[in-house]
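As a plain string of letters, each chain reads:
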Amino acid sequence: MKPIIPFTSKMQAFYIGCIGFITLLFINACTPSKSSNENQAFYYWKTQYQLNSFEKEYLKKKGIKKIYLHCFDIAVENNLPKPQGVLRWKEAPIHKIEYIPTVFIQNDIFKQADTNLLNELAQNCFSLCGQIMGSQQLPLQEMQVDCDWTASTRDSYFYFLKCLKQKRIIVSATLRLYQYKYADKSGIPPADYVSLMCYNMGTMKKDHNENSIFNKKDLQAYLQATKSYPLPLNIALPIFNWTLLYSNQMFKGILYKTPMVENKYWKRISEIKYICVQAHFDSNCQRNFYPNESIRIETISKKDLEQALHTIQHYVKNSKNEIIYFDLDSSKIRHCLY
Amino acid sequence: MKSFTSISIAAKFAIVCISLFASFTLKTNACGPDFTGWQFSWLLEHYNYQHPLFDYQFDPSNRFYSKSWAPYTEEREAVPDKIRHNLSQWRTYLKLPLSIHDTVIRQFIYHDSNLALQKQSPISKFIDTKSNAEEIWQYLLLMNAYKNELLPSDGIWDYSSYTNVVGYDTVATFTAKCERMLQSSKEPFVKWRLLYLILRATHFNKYHDKAAQAFETYYPMISQDHSLAQYWCEGMYAGALLRMKQYDKAIYYSARAFANCPDQKMEAMNTYLFSNRNWKSALPLCKDASDSVYVAMLEGANEPLPNMEFANMVYQKNPGSEILKFLWLREAHKMEEYWLTKNKYETKNIHYLDYDHPIDMDSFYVSAHILSQFIELSNSILHHNGNIPAKVSVANSLAYYYYKTGDYEKAQNLLEKITSLPKDEIERKQFELLSALLHLKKSNQLETEKFVSLIQYFKSIASGQTNNHVGYYLLYNEIAPYYLAKKDTLATFWTYTYANCFDADSFHLYASDYSPESFNYSNYATYLLNQQFSIETVQQLKQQFLARKGRTEFETYLIQGTKFDEGATLFDLVIARKHMLAERWDQALSMYDALPASFTTIMGPNPANSSINDYMEDAGQKNSYTIKQILELALKLKSNADKVNEGNATDKLLYATVLYNLSFYGKNHYILDNHWNQYGSNAVYYDFDSIDTHIYCNDKDYYEMPFHKSYQNYFRLTASEKYAKDALMSLKTAEEKAQATFLLAKCWQKRCPRKTKFNTEYKYWEDVSDYVGYSLKNPLLQKTCQPLLRIPLCKNGFSIPVVITKCM
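Residue numbers (the working numbering), protein chains in the order written: chain A, 21 to 358; chain B, 322 to 1129.
So here's chain A without its partners, still in its complex pose:
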């Protein structure tokens, strides 16, 4: 569960203004400044590996050396774990870049898993990653596991990570903000390092006007007053956008394509929120929209990213000296990083 901290723009303006003012008067002198010289990396989260020329040029120009490559998800099907969205290579990887296979695992998998299943899952997961990497003659030396584990699944998940570690590879795990803040309760995953996901801090399941991907106040609330994390850590930042769909104010899902909203079918009611006012079929999303539905088009700006970085640098020791952007996509890079 994520915190819900509504924050109006006026309050935000005041807050930021106040902080700025007070900072100038009293705090600034005491705040250590940090430079932003972290290595940049990317998550690649599409199901087909194929980069366009812009993306290749950007990687080259920025000297990107690492890509966390989403290889597949693991979901429950017929009570058994099954890989989904398995990556297909549409072109050869770039040989100067290190690819870290990354696997997203549904938390449900760990709810009723016994050690036999977890051992087998780790073996299968390792094997499939190896096959995906091997198909392009890439070695499998490291894996990252992405799972939103909870108190009830922690033990199983950690056992799974230990099984993976027995494969003699480097294993890293993603870390949600609440798992970072409440490390005592969430536990420390048995991984070589963690990637702190500094996004998805609001609730997407509630129909409001706020951006659930990122807001500074929530980020601060998560990061402050926490003792340093006991594992090496790098930072994952969002450069993604999504469109959230609500029906009768209830969250229905994520639309990975944004419907065309500049028309008579939609009414804009806030900077990011639209309400469908007439039933229609949207060809972008290939679905019908109905008048009881609303969407929230969430994105993150370059300014937001800079703010996020500043805040993170203030509170968190990026011991891996690495920032991973989620995710590698030319339109997102143009919007957020360029």
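Take these hints with a grain of salt, some might be off.
To be verified - Pair by pair, the computed Cβ-Cβ distance ranges are:
| no. | chain 1 | residue 1 | chain 2 | residue 2 | range |
| --- | --- | --- | --- | --- | --- |
| 1 | A | K205 | B | T873 | 46 to 56 Å |
| 2 | A | A171 | B | Q950 | 24 to 34 Å |
| 3 | B | I696 | A | Q132 | 51 to 61 Å |
| 4 | B | T413 | A | A171 | 27 to 37 Å |
| 5 | A | E140 | B | F525 | 22 to 32 Å |
| 6 | B | Q428 | A | Q132 | 23 to 33 Å |
| 7 | B | I696 | A | I274 | 56 to 66 Å |
| 8 | A | E291 | B | H690 | 38 to 48 Å |
| 9 | A | W109 | B | A497 | 54 to 64 Å |
| 10 | A | I274 | B | K451 | 50 to 60 Å |
| 11 | A | L100 | B | S409 | 25 to 35 Å |
| 12 | A | N304 | B | K738 | 43 to 53 Å |
| 13 | A | A171 | B | K1043 | 19 to 29 Å |
It should be emphasised that the hints constitute simulated quantities derived from the structure, not laboratory data. Glycine included, C-beta positions come from ideal geometry on N, C-alpha and C.
Given chain A, work out where chain B should sit, using these hints.
Just chain B now, kept in the frame of chain A:
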């Protein structure tokens, strides 16, 4: 993350509170709350794709009380059912005895992937007895070839199973074999299945034109046996046509597949929805009434606005069709939504149909003659000579419409017309329900036995299904208002309490939601409880609950159905809180051991902490105060603060701080309400939206809570202000004076009224309360800030600048 107050306890407590609040407030108003929007159950709720929990429910085979509350999970639930239809066809064709279980057939058809395995099956001998055994084995050979050659391997952890692509050569080789066999085959059963293999191989590998070509070639050559496989082929053809953008024919064939393939309805509907949905363009292709009916249904099942066109057309074409009942009920449901949404507080428009310019539903129903068409069609159906399937439902639903609009005579007449008609269980219960309600309205007498029977029936419907809620509806909207009208507060209380327990699961469906705001009703309930009920009344309720006996048999039934895990301690909690609100800390303390453990085990920060930043503390060291310690501290500080002694200014300040922190805005507010959220911060209270939820219970349009003195008093701000003002007059040090001033400023800040303004750009009512702007104008804050901005840090760490930035 562990919450400070368990959600279930909070919900249970809220049930008591909301029941108490409801019974008392409504006693004074002598009218029940209207059911508003989608929050509550409707009698006619079915086939409603606009329900938040599912997209649409279009399956006409679902009956009146459909399971429309369950989300439509095609994959999870429908798959075995789908397979069942095909298994049944094989069983019939091969004349398999019942001793051969479905699982054997399933293994044979779906899992055995080679003839050697299949020949070991007990089914093989039944094939061999058929005159065309060779042909069937040949077909099975091809079916296995399809599975082995044209489907990915079963090795889900084998990467090759995801990367292999079936090229056209492979597809063509396979389909050529199928075609050769199809041309020589004699049996339609086998022929349709061979054609289906061809269509699958081509269509699923994106050779849509080849699929269409194969269908058009072979479809006329196979005799139509109306088998599942025939309609599978038609559905697959519709899919290919859709990809080729030949929408008219795609709609026609998807309608046929929908009508005739019980296992392919979802796919058929999707084909339609992905087309241009110009359903009328497909009508000329229809060869009989059944086809036309299903074409109309495809669109009618998705039409959000009132529109009698579909039901009218189906009635004209085929009055005996179940589709008529389905489409008519959809329109009846829209009517129900319209009438239930209308009430004295709201316009007659359904706003969500057009957010800024609500559609005038009167225009639809009256000016556009929808209402008259609806009644006219209902009468036509009722007067139809035949015993058509829609008749009883139409009578029930129209009677329900008249009942809701107060025309009890017409409603009664309709019910009388169908008294002797055969009814299924759902229709019969609906008939009994309406009869009981009409009797209640006409004679003002509650037939408790009938209502108990009905309530038990609706309770027996599995939780989560639509009309499980009707019991709740009866209690909440019919029985409780009946007692209210009789000014029987206690009976009303137990009716509401039972109603909420009756429907606890569904109630939680909304109440638990995802956000802490969902529990705000409990604050409101607590407020009213403490404002309106005397301790004696609460004790009386507690005794009734313990004895599980009311003054009447029906009341006893209600109390017996009321379940609280915490039992009477919930009432003790209400009483203890009442003492706390009256600052009778000693009496609250004396009840401490009787309170629910879920309450007493809560830990919180020091309530006398002068750094009032409105944030919850992190779990751990700072939450070191038990409830008991807080009560003891409040008792001690109040005792000192109330003494006539100039030396007690600090205690007054600390006691004022305690009262602030026990308020809704403070760190320890969980003592007096249930709104301690589990997210580690109460910063939500900065936002007026969340404060609104305290002003408005459940629905801000209907339950305006007075933003007056009593409201503020509940949250202890007036008492806090009183002590802080007293303290300020006698405090000696600048730091303490700053603390007192700041506390007063915080109390002042919370009086900010809500203001709205019409936003002309986006055309909606915008909240312009400017909570923060208002705070900046706060003279007490300015008084605090101006001199103290020059003091960066006070002695004990009370830093005004830091507090300003953190708190405001």
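Hints and how they fare:
{"no.": "1", "hint": "A/K205 to B/T873: 46 to 56 Å", "verdict": "holds (50 Å)"}
{"no.": "2", "hint": "A/A171 to B/Q950: 24 to 34 Å", "verdict": "holds (28 Å)"}
{"no.": "3", "hint": "B/I696 to A/Q132: 51 to 61 Å", "verdict": "holds (55 Å)"}
{"no.": "4", "hint": "B/T413 to A/A171: 27 to 37 Å", "verdict": "violated (53 Å)"}
{"no.": "5", "hint": "A/E140 to B/F525: 22 to 32 Å", "verdict": "holds (31 Å)"}
{"no.": "6", "hint": "B/Q428 to A/Q132: 23 to 33 Å", "verdict": "holds (26 Å)"}
{"no.": "7", "hint": "B/I696 to A/I274: 56 to 66 Å", "verdict": "violated (44 Å)"}
{"no.": "8", "hint": "A/E291 to B/H690: 38 to 48 Å", "verdict": "holds (42 Å)"}
{"no.": "9", "hint": "A/W109 to B/A497: 54 to 64 Å", "verdict": "violated (32 Å)"}
{"no.": "10", "hint": "A/I274 to B/K451: 50 to 60 Å", "verdict": "holds (52 Å)"}
{"no.": "11", "hint": "A/L100 to B/S409: 25 to 35 Å", "verdict": "holds (28 Å)"}
{"no.": "12", "hint": "A/N304 to B/K738: 43 to 53 Å", "verdict": "holds (51 Å)"}
{"no.": "13", "hint": "A/A171 to B/K1043: 19 to 29 Å", "verdict": "violated (44 Å)"}
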